[in-house]
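Asks: Okay, here's what each chain looks like letter by letter:
Number of protein chains: 2
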Amino acid sequence: MKGLVEVYTGDGKGKTTVALGIAFRALGHGYKVYMIQFMKSVCSGECIQATKTKNFKIKSFGRASFVNKDNPDPLDIECAKEALNFAKEIVIEGRYDIVILDEINVALDFKLIDIASVIDLIKNKPDHVELIFTGRHAPQEIIDVADLASEIKEIKHPLSKGVSSRKGIEY
Amino acid sequence: MKGLVEVYTGDGKGKTTVALGIAFRALGHGYKVYMIQFMKSVCSGECIQATKTKNFKIKSFGRASFVNKDNPDPLDIECAKEALNFAKEIVIEGRYDIVILDEINVALDFKLIDIASVIDLIKNKPDHVELIFTGRHAPQEIIDVADLASEIKEIKHPLSKGVSSRKGIEY
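Residue numbers (our numbering), protein chains in the order written: chain A, 1 to 171; chain B, 1 to 171.
It is worth saying that the hints were derived from the structure and are not from the lab.
Just so you know, nobody snuck in bad clues.
Below, computed lysine-lysine pairings styled on DSS-like, alpha-carbon distance capped at 25 Å:
| hint | chain 1 | residue 1 | chain 2 | residue 2 |
| --- | --- | --- | --- | --- |
| 1 | B | LYS156 | A | LYS153 |
| 2 | B | LYS111 | B | LYS125 |
| 3 | B | LYS32 | A | LYS57 |
Because the structure is a prediction, the values reported are computed rather than measured.
Construct all of the structure, not just a fragment, from the sequences and the given hints.
Replies: Below, the structure written as structure tokens:
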């Protein structure tokens, strides 16, 4: 199977979640999946479940503190670069059929990592590896090289009505 | 935890997939999840994986043939009603924390089932049960009573470029 490049972006709920669903479905067919999370230090329900799931790994890179878009801390840049280097290793190695680069769109939008090196990663990926990009504000350059892109738009969200984030649903 | 009503609609790829991701994350926290599929006779990767996954069940109702929106076969109406009745049992019983009504939006749009009985199901659900609605063309009445709604819009899709549907990714 030829692996494509898929992008899930937009302001609505469901970008990381759709990637988890892709993983779940692919695991059923015996594929191996790696989710690499950019700008995340806490990974909750999905990480607990991944430890119980064969052929699915998740690794998070990031710090607990809020990343300042206008003036990111050097440590945040360091974490994002580390995530990208790790992603390159996993992708090039080719042992995982699907590699999810979770929130990488945001890391690109915040300029924590360089778009040229990500385009390079896409161009040099083994043919069978599927790459999934998630996060708001996917750069146009990524959408241009992607095979599939969906925008998840918020129609309504309970957090804007004062319902707090709920364990097992939002995280 | 108070269970909400979530809707995932739109023409883009990822509606059923996001529901699978919600299931995956929630399972990590020990919640029980039931996915009831309307208008589907074939369930592939996700069903294989569900059989390997504790606390997650999927049941499909539907026929292999294409449903004619303008003149649906009585058997299609029968299948959709059966799915809704089964959903009612599962929801009211309250043993499953999250009940996914996969493609129910389409069954409503095709008028295979009655919107009043679905609104009724939402109103009578146990407080802790989360309901997830997926499928294109979610009726406005469902969005109105939902707590959260996201629209998944297609930006680009490989099937329109002639790439055929791929096992483990699209199904």
